[in-house]
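Q: Assemble chain B onto chain A, guided by the hints.
Here's the letter readout for the chains.
Number of protein chains: 2
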Amino acid sequence: MNIEVCFTPQAYPLFHNPNSVVVVIDVLRATSAITTAFYNGVLKMIPVATVEEALEYKKNGFMVAAERNGEIVEGFDLGNSPFGYMNSKVKGKTIAITTTNGTQAIEAAKKAHKIIIASFLNLDAVIDHLKEDKKDVLFVCAGWKNKFNLEDTLLAGAVAEKLIFNCGFDTSCDSTLAAIDLYKLAKYDLVKYLANSSHRNRLAKLDLERDIKYCLTPNQCPVVPVMKGKFLVKG
Amino acid sequence: MNIEVCFTPQAYPLFHNPNSVVVVIDVLRATSAITTAFYNGVLKMIPVATVEEALEYKKNGFMVAAERNGEIVEGFDLGNSPFGYMNSKVKGKTIAITTTNGTQAIEAAKKAHKIIIASFLNLDAVIDHLKEDKKDVLFVCAGWKNKFNLEDTLLAGAVAEKLIFNCGFDTSCDSTLAAIDLYKLAKYDLVKYLANSSHRNRLAKLDLERDIKYCLTPNQCPVVPVMKGKFLVKG
Chain A
862 MNIEVCFTPQ AYPLFHNPNS VVVVIDVLRA TSAITTAFYN GVLKMIPVAT VEEALEYKKN
922 GFMVAAERNG EIVEGFDLGN SPFGYMNSKV KGKTIAITTT NGTQAIEAAK KAHKIIIASF
982 LNLDAVIDHL KEDKKDVLFV CAGWKNKFNL EDTLLAGAVA EKLIFNCGFD TSCDSTLAAI
1042 DLYKLAKYDL VKYLANSSHR NRLAKLDLER DIKYCLTPNQ CPVVPVMKGK FLVKG
Chain B
862 MNIEVCFTPQ AYPLFHNPNS VVVVIDVLRA TSAITTAFYN GVLKMIPVAT VEEALEYKKN
922 GFMVAAERNG EIVEGFDLGN SPFGYMNSKV KGKTIAITTT NGTQAIEAAK KAHKIIIASF
982 LNLDAVIDHL KEDKKDVLFV CAGWKNKFNL EDTLLAGAVA EKLIFNCGFD TSCDSTLAAI
1042 DLYKLAKYDL VKYLANSSHR NRLAKLDLER DIKYCLTPNQ CPVVPVMKGK FLVKG
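Taken in sequence, the protein lines are chains A and B.
Using the numbering used here, the first residue of the first sequence is number 862, and each one after it goes up by one.
Using the numbering used here, the first residue of the second sequence is number 862, and each one after it goes up by one.
Source of the hints: derived by calculation from the structure; they are not laboratory data.
Note that the list lumps identical chains together, so a pair holds whenever it fits in one copy or between two copies.
DSS-like, lysine-lysine: derived pairs with alpha carbons at most 30 Å apart:
#1 K1023 - K995
#2 K1066 - K996
#3 K952 - K905
#4 K1066 - K1023
#5 K905 - K920
#6 K905 - K1089
#7 K905 - K1091
#8 K1066 - K995
#9 K1045 - K1006
#10 K975 - K1006
#11 K1023 - K1006
Just chain A, same shape as in the assembly (with noise of 0.2 Å):
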């Protein structure tokens, strides 16, 4: 069982594996925020790509979710802060979301045989579905508009370093061994680590600061987002 990372939804084609579960990783905020929406009781979520398609679930009576350079896109409800998913009107929803990065990264990877949804939020889980399912292994990082960035690389390394040393996977990937020592330089203390992060910063100047706190908190909400056909779901 192979584990590649992949550190761009742009470089995706060059590591597409028909046989690997690809676990998409945007943790500033997208997949925090998907992580959390389901743990908060969310049904279903349809990532679209486009501002364009979003409108047209938005049309269609569904909730949606926009949000463009870290901030809600104008017009919508939610945008990928998770705290935005917090709450009861979410409960039983199916809720389509377009993001400027992490729902790019779940397009580039459309034609894995599976792809499940990571953030520090769900690290365990995700490292025990990905021990069951005994299969090659490709993590897409979500970057920063087709940048490397520092979090998602974090995250991959934090799972790939389990999975190698507990569960018996193995890489021959120079970007898997990056990220694994980037994690363990990181591990103690992730929110100083990344103080001096491109995104962090950008989500800074926002105001950010509580959201960047909660996903960079491993383990708060146990479940895996898991795509069936253009759904995703809880695995």
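A: Relative to the frame of chain A, chain B by itself:
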């Protein structure tokens, strides 16, 4: 003066900055071979993207180097082993060169304001050159077939660390922060750190341990090759 690191030629368009000095890196082995060639008296080199172009130069009487997948392409005299250039017959010559990754990285960056060639062999000379230029710096790692690799990242980290901590450069780029942290982990024994890396193992199968050790030993060739038009010359 801002620093960015682009991990693969594929991503170059996302990083293009008309004011940057582009530093092309292919530690194992194209930029190490080019650095060695100039240190051994080569007059000019002509990087070309395809074996077909290289053949044209050969037909026109040039000395030509061509490597694909770690080996010299049949019909050519030189590949990208630095030891091929430690030879009096290259002195004063103009050599066309095409390699799997390194010359592709040069090709990707051809619209850059300025391109220089870096390897561990000319580490301090590159740092001095960039310090004098006082421009934004963009490292373009050749990687392996557009996938991230460790050895190129480590060199970017080595140069970036010095420029930021000693020379007044700055970064707001996560790939630069990652490269610096990985270099800090690796710097006391690069050969050992890279023991598990993908390309090192690829080369080890071709029995190129001597090349690897040479390419990872800093400051053996204090020259900086610079692109001028279609030629690389001694900067």
